[in-house]
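Be aware that the sequence shown starts at 1, since it is given in the working numbering, and climbs by one per residue.
No wet-lab data here; the hints were simulated from the structure.
Check the hints yourself; a few may be wrong.
Said to hold, decoys possible - DSSO-like, lysine-lysine: derived pairs with alpha carbons at most 30 Å apart:
1. K50 with K25
2. K50 with K3
3. K121 with K50
4. K38 with K121
5. K3 with K121
6. K3 with K38
7. K25 with K121
As the list claims (entries may be wrong) - Simulated restraints, written as ranges between beta carbons of each label pair:
8. Y39 with E119: 26 to 32 Å
9. L52 with A2: 20 to 26 Å
10. E79 with T109: 18 to 24 Å
11. W22 with E61: 28 to 34 Å
12. Y39 with I128: 20 to 26 Å
13. D126 with N71: 18 to 24 Å
We put the beta carbon where it would ideally sit given N, CA and C, even for glycine.
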Amino acid sequence: MAKERWFVGFVNTDVPWWLRMWTRKGFRHVIMMRYEPKYNIWHFVEWSSKRLFVELLNGEEATAVWWRIENEGSMLSFETQGITGNIRPRLPLYCVSWAKQLLGLRLPTVITPYQLSCELKRLGADVIFEQQ
Numbered sequence: 001m002a003k004e005r006w007f008v009g010f011v012n013t014d015v016p017w018w019l020r021m022w023t024r025k026g027f028r029h030v031i032m033m034r035y036e037p038k039y040n041i042w043h044f045v046e047w048s049s050k051r052l053f054v055e056l057l058n059g060e061e062a063t064a065v066w067w068r069i070e071n072e073g074s075m076l077s078f079e080t081q082g083i084t085g086n087i088r089p090r091l092p093l094y095c096v097s098w099a100k101q102l103l104g105l106r107l108p109t110v111i112t113p114y115q116l117s118c119e120l121k122r123l124g125a126d127v128i129f130e131q132q
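Construct the entire structure; sequences and hints are all you get.
The following block contains the structure:
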């Protein structure tokens, strides 16, 4: 698989009380986007409400998502290393497991959005913007 550049956003969201114990403010959820220049569209991917949500966004719609992340969270840019073989996500399926799947990363000890952010930075992700 060819390398792809993904934009990985970390935001707050309403989560069950027990999940708040495991996550940090500003890192409660992961949103991913990728630009497709051939068609001038953005791929938007989010694991939400126990389902995978995928949508194609035009420039105006993508700008609204970027604005939300810039004002509420953090954004990293990460180039996939190329997926080799069949990577099966481990249960449970949630936003971090799907993000790791799309990025082609085998990181069994990374379970929270904050851990994913730290690991992506360690692997060379570019910081687009961070929370202050």
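Worksheet item: Among all the numbered hints in the text so far, which are the ones the structure does not match?
Response: none
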